[in-house]
Amino acid sequence: MLALAVALATAGRSRWPRRTASAAELVAVSVPPFVIGLLLLSLFSFTLGWFPVSGDRDASALVLPALALGLPIAGTLGQVLREGLERALEQPFATTARSRGLTERAVVARHALRHALLPAVTLAGWLVGGLLGGTVITEAVFGRPSLGQVALEAVTGRDMPVVMAVVLLSAAVYVCVNTAADLAYRVVDPRLRST
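Residue numbers (my numbering): 941 to 1135.
Careful, some of the hints might be misleading.
[Unchecked claim] Quick list of simulated restraints, FRET-style, between CB atoms:
1. R1038 with L1109: 46 to 52 angstroms
2. A999 with R1054: 19 to 25 angstroms
3. G1097 with N1118: 30 to 36 angstroms
4. E1093 with F1033: 32 to 38 angstroms
5. P1101 with E1023: 27 to 33 angstroms
6. E1093 with W956: 30 to 36 angstroms
7. L1042 with Y1125: 20 to 26 angstroms
8. A999 with A949: 23 to 29 angstroms
Source of the hints: derived by calculation from the structure; they are not laboratory data.
Backbone N, C-alpha and C fix where the C-beta goes; we use that ideal spot for every residue, glycine too.
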């Protein structure tokens, strides 16, 4: 949602907002999630005291880990979405839509966004694998008892049935997300419904 909001706010705008968003996305992609997590902890937990430092007491304990894992993905998806939107806004169908009297916002919402979403949906399905792999370290930073910790303890304790169960569960989640991404193509692009 963050990537979509930033891409919609900056695509087709002047250079300054695009460059600012591109720089922020580049930083989010370049910095490892556990470093983002440490920065979020120092600001929002230690300095401001808005969120708990560790544990799993309530939903507020999920905010910072989710941000730490989601910001790099949002940076990558934001770059892809903005590039796709800017390419789509230069296509002849966008010019035709503008000539029929549609506002720029309507051209983006009705026409350009569908074209920009296809590569982003593909990339989002692929990024789930990295997300699943990166959670172990992030969970350790935030002290969350979760599947990554179970997997780490099972590997160090040579508990093969638990290791295999975690691997199978991760593979099933990855396959389900990529299947959902493939099914989303038909919703995003109506031309694919006929194939």
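Would you pick out the hints that fail for this structure and give their numbers low to high? Per hint list: 2, 4, 5 and 6 violated.
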